[in-house]
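J.: Chains as they are written, first to last, in numbering that gives the first Met the number 0: chain A, 0 to 497; chain B, 0 to 249.
By construction, these hints were calculated from the structure, which means they are not laboratory data.
Bear in mind the structure is a predicted one, so any value in this text is a computation, not a measurement.
Mixed in with the good hints there might be a few duds.
Subject to a maximum C-alpha distance of 30 Å in a straight line, what follows is the list of computed BS3-like cross-link-like pairs (lysine-lysine) [to be verified]:
| # | chain 1 | residue 1 | chain 2 | residue 2 |
| --- | --- | --- | --- | --- |
| 1 | A | K303 | A | K409 |
| 2 | A | K306 | B | K37 |
| 3 | A | K299 | B | K82 |
| 4 | A | K102 | A | K225 |
| 5 | A | K188 | B | K5 |
| 6 | B | K102 | B | K85 |
| 7 | A | K187 | B | K102 |
| 8 | B | K37 | A | K416 |
| 9 | B | K12 | A | K306 |
| 10 | B | K12 | A | K398 |
| 11 | B | K192 | B | K117 |
| 12 | B | K82 | A | K298 |
| 13 | B | K124 | B | K247 |
| 14 | B | K79 | A | K188 |
| 15 | A | K416 | B | K124 |
| 16 | A | K303 | B | K85 |
| 17 | A | K187 | B | K54 |
| 18 | A | K33 | A | K102 |
| 19 | A | K419 | B | K42 |
| 20 | B | K79 | A | K416 |
Facing chain A, a subset of chain B residues (Cβ under 8 Å, in silico) [stated by the list, open to error]:
| # | residue |
| --- | --- |
| 21 | A21 |
| 22 | V23 |
| 23 | G121 |
| 24 | S129 |
| 25 | N141 |
| 26 | E175 |
| 27 | V206 |
| 28 | S210 |
| 29 | F217 |
| 30 | L218 |
| 31 | Q220 |
| 32 | P231 |
Reference listing, derived: stretches of chain A covered by chain B, where coverage requires no fewer than 3 residues with Cβ under 8 Å from a Cβ of chain B [stated by the list, open to error]:
| # | segment |
| --- | --- |
| 33 | 140–154 |
| 34 | 339–349 |
Ideal Cβ placement from N, Cα and C applies to all residues, glycine included.
Here is how the chains run, residue by residue.
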Amino acid sequence: MNYIDIKNNQCIPLASIPVLEYEIFLEHNTSLLKESQNHCVNYYGFHSDGKIKLICCIANDNDGSIYVSSSHINMNETLLSFTHHHFAFEKFEREMHENFGIKYLNHTWLKPVRFSFDRTNKENTISNYPFYKIDSEELHEVGVGPIHAGVIEPGHFRFICNGEQILHLEIQLGFQHRGIENLFLENKKLLQRVTLAENISGDTVAGHTTAFVNLWESLCNFSADKDLQFTRTLALELERIAIHTGDLSALCTDIAYQLGSVVFGRLRTPVINYFQIWCGNRLAKGLIRPGRNNFPFSKKLNDKLYKLFDEFERDFIEMCEESFSLSTVLARFERTGAVTHQQASSIGTVGMSAKMSAIVRDIRSTHPHDFYSSLNHQPVIKNHGDVYSRVQIREEEIKQSIGYIKKLLKNIPEENKERKNLSSPSLNSFAISLVEGWRGEICHCAVTDEKGELVHYKIKDPSFHNWLALALAVRNNEISDFPVVNKSFNLSYCGHDL
Amino acid sequence: MLDNFKILIHQGKQFIPDITTAEVPGIFRGRPVISNEKVDDDKLVDLCPTNSIAKNPVSIDLGKCTFCGECAFAFPDKIKFTKDYKLSTNFRDGLIVKEGEEKNIILNPDLIRKEISKYFSGSLKLRQVSAGGDNSCELELNACSNVNFDMGRFGIEFVASPRHADGIVITGPISENMAEPLQICYDATPEPKIIILAGTDAISGGVFADSPALNRIFLTQYKIDLYIPGNPIHPLTFINGVLELIRKRK
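Isolated chain A (complex conformation):
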């Protein structure tokens, strides 16, 4: 067998992952991606016995399987690239080239990804990044960043324009790199690790923390009680509502629609304040913990949430109806920043950036965890891949999430007061956890050694795939439309840079 077939949140002995010759490894994984139901959720390498161990995880969206295979390669070996067969591997291979100096024969362009502090080639610095250039007297370059003009994280965007029209955009990231994956190994206390997970991306606290705790519990053979699963599912859906609402506000700001901007902006407040009431932090930091729960869900919290949604829904629906019937709003959203189905699937987009282009890819329905199997989730799918598709996905997902939460509230699980303590992680094991955050698919993978200590921790934020979708979306658009296109994706810098 070329692979081992596992489920989301399953822990397996590391030795059970088949080790393939590189040629077979390449052939096997790239041929899997020829089927549209398969996509690559993670592909990475780490040092092992003086060599580099590559692990590739391909998810099958039809039957909820994850096919895991591996290969052991020598340092400084020159390899044929996966990218040559499927472009979705492009970023993964660039990352491995940057971290381990792996050379690829037929990769498109092995540019640095995040200028990690332990990169192989220290001569590649963030200030000498090799931007794509076009030699022409008619064209001009526009560079913005790294410091953003607003209160947003840093990244550098280099446009090549013909007058107002964007021909090409290259996005340089890495400014936020804090060495998080390394800190997961350095910090030995569980509380330190879960705090780290909360700080991967501050707008996806519930998403990344759920991925971490689910992974950790599976490493420890701990099956989460219903009340823990309830907390995580509820937090994920509340986070989705809060951030989507804030994004609708920001989108209205970028098209100078003041009423939408302030009303959606203020509608976010009661939702994040609900986290404050529940756990004492507006972004849900401190709420989710492995194997325990500091903030049991009470009857009082339940009543407050019903009241919140009564008021929220009324104002939200009113504001959506008004905004999306205005020709001036629609004229800025429709057909702006479009990505085709073919483009979106070739680069392996996930989350909203996939669903906008008719790709049915949503962990909540394909690889459900916690309470999602009982919710029978049907993803919101749009076809045009433009700003308006992303706006509609947000609007409909907010309504859908409110529906899910109301369903969850009908049957609140009792707090388990006699919970067992978490045991130590399994020895020599591999575990994977997938979570559908509001932005899309989050993947965390861990490997332990013979003492049960973490030897490798790998995080993949949905933005890792989706930044390229933004670069493709703005082609042939006016540069003045860039802010609204960028905001409609709302991708993460720190989640990407790690």
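Mind docking chain B on chain A? Use the hints.
T.: Frame of chain A, contents of chain B only:
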């Protein structure tokens, strides 16, 4: 047009009338109070994910604390977090809360540079630099300007260029890759300029304090005018801290 009026009426008044006395809803982990209760000090110190707790006497350094509240869960008689959100100060030691001492965190007026209250008391324009920030403090800084907190009413605003700014607000632990852009931004800001550190990550590095991917040399070179702790900072903490800085006089 009529629909717009209807929406406006439905929204009602959203702003917080008095930002200095507003109460945070629900639970909030603000300024901690440490009692004189005898507990296993070593266990307490060991518990903290960011080493912000020290013993003899037991103290919490809010510049390192991520406000996870785990110490208060484990030792409820020893440590309690109050709803006091006024956590800002202008000297680093002012962030250390000791056992048995229950007092507010304040700015030392003697340490506020004269030109700050002279030039900026009615208007302050700030340039924000996210230097490895996880976007949570950035979200809350944006919230400061929304219709609820409405920081603009005090003349405090974020601007797009350092040339238009009176100072910089740093969030995040300052990654190696942001060290140079931060320096360039600071150099481009006209004198007299102020530096505000917003959030635990900026003040001490927070959970990232020991990461080799950071470069915090910038902070050793200049005087910091205001420390605002929190993970993330609450908008009320930020606005009150900045107001204190520009309005307090010797």
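J.: Against each hint, give a clear statement of whether it holds in the structure.
T.: Hints versus structure:
Between A/K303 and A/K409, the direct Cα distance comes to roughly 14 Å. Compliance with the 30 Å bound is thereby established for this hinted pair. Straight-line distance between C-alpha atoms of A/K306 and B/K37 comes to about 43 Å, which puts the hinted pair past the 30 Å bound. Under the criterion of a C-alpha separation no larger than 30 Å, the hint pairing A/K299 with B/K82 is consistent with the structure, at around 20 Å. Restraint check for A/K102 and A/K225: the C-alpha separation of about 47 Å exceeds 30 Å, so the hint is violated.
For the suggested pair A/K188 and B/K5, the alpha carbons sit about 54 Å apart, so the restraint of at most 30 Å is broken. Pair hint B/K102 plus B/K85 holds up; C-alpha atoms about 11 Å apart against a cutoff of 30 Å. The straight-line distance between the Cα atoms of A/K187 and B/K102 is roughly 35 Å, outside the 30 Å bound, and the hint therefore fails. Restraint check: the Cα-Cα separation between B/K37 and A/K416 comes to about 27 Å, which is no more than 30 Å; the hinted pair holds.
A C-alpha spacing of about 19 Å is found between B/K12 and A/K306, which places the hinted pair at or below 30 Å, so the restraint holds. Distance restraint check for B/K12 and A/K398: the Cα-Cα separation of roughly 25 Å lies within the 30 Å cut-off, and the hinted pair is therefore satisfied. With a C-alpha separation of about 13 Å, the suggested pairing of B/K192 with B/K117 holds against the 30 Å cut-off. Between the alpha carbons of B/K82 and A/K298 the distance comes to roughly 23 Å, so the proposed pair stays at or under 30 Å and holds.
Distance restraint check for B/K124 and B/K247: the Cα-Cα separation of roughly 18 Å lies within the 30 Å cut-off, and the hinted pair is therefore satisfied. With a C-alpha separation of about 23 Å, the suggested pair B/K79 and A/K188 falls inside the 30 Å cut-off, and the hint holds. For a cut-off of 30 Å, the pair hint linking A/K416 to B/K124 is broken: about 51 Å separates their Cα positions. The suggested pairing of A/K303 with B/K85 holds, with an alpha-carbon distance near 27 Å, which does not exceed 30 Å.
This hinted pair checks out: A/K187 and B/K54 have alpha carbons roughly 22 Å apart, not beyond 30 Å. A threshold of 30 Å between alpha carbons decides the hint, and for A/K33 with A/K102 the separation of about 24 Å falls inside it, so the pair holds. Proposed proximity of A/K419 and B/K42 is supported: the alpha carbons are some 21 Å apart, at most 30 Å. For a cut-off of 30 Å, the pair hint linking B/K79 to A/K416 stands: about 23 Å separates their Cα positions.
Residue-level restraint check for B/A21 is violated (minimum Cβ-Cβ distance to chain A is 12 Å; threshold 8 Å). The restraint placing B/V23 at the interface with chain A holds, with a minimum CB-CB distance near 7 Å, inside the 8 Å limit. Interface restraint check: B/G121 against chain A, minimum CB-CB distance 22 Å, threshold 8 Å, status violated. Restraint check, B/S129 versus chain A: the minimum CB separation of about 5 Å is within 8 Å; hint holds.
Interface restraint check: B/N141 against chain A, minimum CB-CB distance 5 Å, threshold 8 Å, status holds. For B/E175, the shortest C-beta to C-beta distance to chain A is roughly 6 Å, which falls under 8 Å, so the interface hint holds. With a least beta-carbon distance of about 5 Å to chain A, the hint placing B/V206 at the interface is held under the 8 Å criterion. For the restraint placing B/S210 at the interface with chain A, the shortest Cβ-Cβ distance is roughly 4 Å, inside the 8 Å limit, so the hint holds.
The interface hint given for B/F217 is broken, as the beta carbon of that residue sits about 14 Å from the closest beta carbon of chain A, more than 8 Å. Checking B/L218 against chain A by beta carbon gives a least distance of about 16 Å; that is not within 8 Å, so the hint is violated. Taken as an interface hint, B/Q220 does not check out: its beta carbon lies about 19 Å from the nearest beta carbon of chain A, beyond 8 Å. The restraint placing B/P231 at the interface with chain A holds, with a minimum CB-CB distance near 6 Å, inside the 8 Å limit.
For the segment 140–154 of chain A, the assignment as covered by chain B holds, since 9 residues bring a beta-carbon within under 8 Å of that chain's beta-carbons and 3 suffice. With 0 residues having a beta carbon nearer than 8 Å to a beta carbon of chain B, the segment 339–349 of chain A misses the requirement of three or more and the stated coverage is violated.
Of the hints listed earlier, those the structure fails to meet are numbers 2, 4, 5, 7, 15, 21, 23, 29, 30, 31 and 34, in rising order.
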